[in-house]
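Engineer: Take a look at the letters that make up each chain.
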Amino acid sequence: MITAILFKGLSLAGIYFLISFGVTFLYGVGGFPNLAIGPIGLVGAYVTATLLRDNFAVVTALSAGSFCSVILGIAVQKFVVEPLYNSTGGGDRGRIFVLYGTFGLLLIFPPILLNIFRSTMMTLGLPTLGFYKLGSTVIGGYEILAILSAVCILIITHWVFTKTVYGTRVRAVTQHPLLSTAIGINVGRIYLITAVVSSICAFIGAVLWGQIFSLELSSGASFTLYGFIIAVMGGLGSLNGAFIVSLVLGLALSATSYTIGGVYEYIITTILLILVLIIKPKGIVPTRREV
Amino acid sequence: MYRGGKLTFAWRILLSLILTFLYFAPLFSGNFTLFVIAVLLINTVWASATWGLFHQAGQSLFAVAVIAGAGGYFSALLQNVFPNSWFAMAIALFLCCGIGIFCYLLMKRVPGHIQFAVLNLALIFVFGYLLIAFTNVTGGIDGIELNYFYPDSFFGNISARYLVVLTLCLLSLFVIHRIMISRFGKIITLIGRNPSLAASVGIDTDKYLMKAYLIFTPLMGLGGILYSHFIGHISPETWNADLSLMIVFCTLIGGSSTIIGPTIGAIIATGIPILFDVSAEFRFAIVGVIAILIFVFMPEGLTDGIKRMILNKFESKVSSSSDDLI
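Chains as they are written, first to last, in this note's numbering: chain A, 1 to 291; chain B, 1 to 326.
These aren't lab readings, by the way, just hints derived from the structure by calculation. Warning: the hint list may mix true and false statements.
Result set (DSS-like, lysine-lysine): computed pairs, CA atoms no more than 30 Å apart in a straight line [as the list claims (entries may be wrong)]:
no., chain 1, residue 1, chain 2, residue 2
1, B, Lys186, B, Lys211
2, B, Lys307, B, Lys186
3, A, Lys282, B, Lys211
4, B, Lys108, A, Lys280
5, A, Lys280, B, Lys207
So that you can see chain B by itself, here it is in the shape it has in the complex (with noise of 0.2 Å):
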């Protein structure tokens, strides 16, 4: 992808060619495909963010349906107090960020992988319950009706909610790959991969970790936030377990070298049950296979599992070259 530190120039054709068809879309396409897109942009900015902490950094937070969902809903209630919705998807953001640090300091007391896992399905049930009890301020399981992206005149045509969509995700995008390139990327990368080793280096793992945490848990919760803004209508079914894990899934099914992984794995995800016609309740199941094919047959997930393939043909070809040779 990068040669000499810059992208190499079939990368920044594809990635011109991706964004013209994105910028474009709304000339030449309908209200369906416009929010299909909006809806994989979205996925993709929640599995980057999960791929981030989840894979990088070692953390095994993936109740993203917990954070996003808050997120969403911080910025409805706060649309009472503040008229024009920018300034209430701010303020919801930095509310996330206090998720992301009580995320941390669960993670930093609970031991393992599989007791994490639990604590994160437990966390979002109760997510989905407390909605629910709390139905005065929540709306309960009939949810909130949001004011699109202020100014809402402007904003109540699809396409312009589309391409402040569009224009956000990309953003998100961009810094979780830039973070990832940085040296505070490589960073927590060790710490993943080695937090042993990083601390022996003199490496402050808990400040880092924390601010891994600072970074992701908003990102993940800005999906939440443009999500409900896009719909202007948000309810506790949105944000269950089959979310969360199908955005761990996008990681695990893409591959978790790079960001290409997470983003490949949400284009699955959200683009198989559609081109497929599957019907609403197989959407997820359909998934699930997926990832359980991928798991047994390719665990390194789809982009490193076709590298390894070709770097084998390529060795075996070499080899052979070189034997005859010999």
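One chain only, chain A, in its complex shape (with noise of 0.2 Å):
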């Protein structure tokens, strides 16, 4: 049991961290707390579940539906996050405005999927990557993937950050937004990247979701609940803080489904940010950026 409670638990943060890492990044580099990014991931796993209902390959069905989700992240960029942040003066405010703004995109997306796809409810109908036994424990493919994904990206984003051009100028963007403009630095691009790499991730996270569970017209929001929750337990902009908390996130999961189960999943997770919040009230690795 504990070694399935260990596996499923790493699975569930990888999945986790996929996530948050949109929302991780994106606040990070930008400033901006967009809480479409779950539903953006959801719309590609949407697209992909139907195009491979409709017997599309799957490398077909996957480049459509993360196609879709950087479409999609783009737009809301574009025509909704620095609008709102400019239209505001930008600062603390923008950023308030952006966060309710992306409320708003919650209600809108939920309707719209619904009439689009005419179902609450998808399964991804990817093919199987095998079952693997660890002693008494049974593995799945794509549960294994979601760890193996979660650790690239991390391992991938760290020396971008710290080895190539881009990432200096994403970490100088971070920290002076202003003084890059003024050195040439083309903030907006970086920004338009920052959002596509994070639909991307959403996208994944989505679509491994999809496989090892389902899809449901309430999974964006929820996946944007979770995503915010690491990314505010790890301290907000901290990639190294989500990860460390999808870590315990998910194994706390893990544990409590294999316990207790049911939706104590969902009260325990609350119980665990509450508690974080009153601890340490800036996330467990704190960033300079507030608000």
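Build the complex from these two chains, which are given one at a time in their own frames, with help from the hints.
Structural biologist: Have a look at this one:
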């Protein structure tokens, strides 16, 4: 049972990290608290599920799904997040308006998705990656993929941030957007690339979630909620913090589902959030950006 | 609105007309219209109480669904102990104060608006799950049947229930309005705008904020209690994140400088979907679209935005006429 709890916990941690990566990365770089990141990933996963149901090739379905998520991510960034931030004068007030504006998107997405896809629940028909036995525990291929994806994305992000010119530019924009503009960095493009990367991660998270569990209309709001809970507990904008919290939360939820089960998983998550906020109000790995 | 501390003549006439319409509505309106007006009034109370805490006192508390839902459930559960629903309602209101203190203690500890917004969302979700987890107490997804207002024989009629909701909602709005124009209201507005300045002039900010929570959270709870007794049923599906977000949007859409803002916001958020016969699934989505458009084009909200536009027009007229003189 301990091995089962451990592996289910790790795979949950992987998915949660992928979803919270979008939130954390967008907030860390641009300071935009984009709550629409969950529905953005969900739209791509719904498109993938629909195409797979209509017997399209897996590669085509995944490419089309990720493309939809990216386009939607860019559209939200360009037509909602940036106008909201700029029209309210930027700064803390701008961020709060972005937060509430993207709250609005959480209300808009579910009925539109329901009308387009005509289904509240969808299952992804991706081909199986096999099952592997570890002692008495059977682990699915997608669960292992979720763990590997999260670790790979964390390593790649660290490598990009520390070893490449793009990473240096992103760090410059994070620390001082105005000064970065003055020295010729295209801040708008950096924000756009950030939105694209976040959308892709949200899509991967949603697809893995859909394959391991199932996709529902309410999943978008749940992804956002979990993404933000992890981001806040880890310290807003801190990828390392998000990784640690995803790990703790994944294991805690897995242990809860094996021992108590049912709706108590969500109750435990909220209790953990409240405890972390009481003990470490700025998160486990606090960053400099605060609202 | 006010001149020399008194309502202007035009406002008195307008308010009298509105009150006359609302009190005589049962004579010429059907049950559906009365239901819509009652829901609109309850939304206005939620929006105004949220406005008081959120915009004036600067507290990012928008978990209206939790406080209002808790109020409704407390009242529903207490009806087993007190057959007279008025007692149950009074005790439920008192218990809502406890939730207010809990929220205040959380708010005091949490550092920023985003963190508290996430905490609000988490509380809303966990409230729903708690209601389902304790099915034997809360009735689970099916909910609980409530008595109408006591005595049931009289308030079984929707017109009578409507008049109770109308009177209590108007009373709540009057209380919120009087509080916000009182010295206490001015102090909590100052704390909301600039807590450091308020503390520097000797105001005990903690004491005043706690009082603000103790005033506004029971009013949110009252909305939930009235709603539950009005329809005679309470279930978890009503008290979700959509409701809370809609109430916050009411305050942001209408504007935040006076209580008229959240009132207009509530009228728009409740009225437009009904006016355009929007299907139930798109009701909240329409509010979301309106909110985003207003945030982008009129971030200060409708009332303040229109006031600014009129002032700008007036100023440009004055400056052009003074240019002519020169």
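Engineer: What are the numbers of the hints the structure violates, in ascending order?
Structural biologist: Of the numbered hints given earlier, the structure breaks none, since each of them holds.
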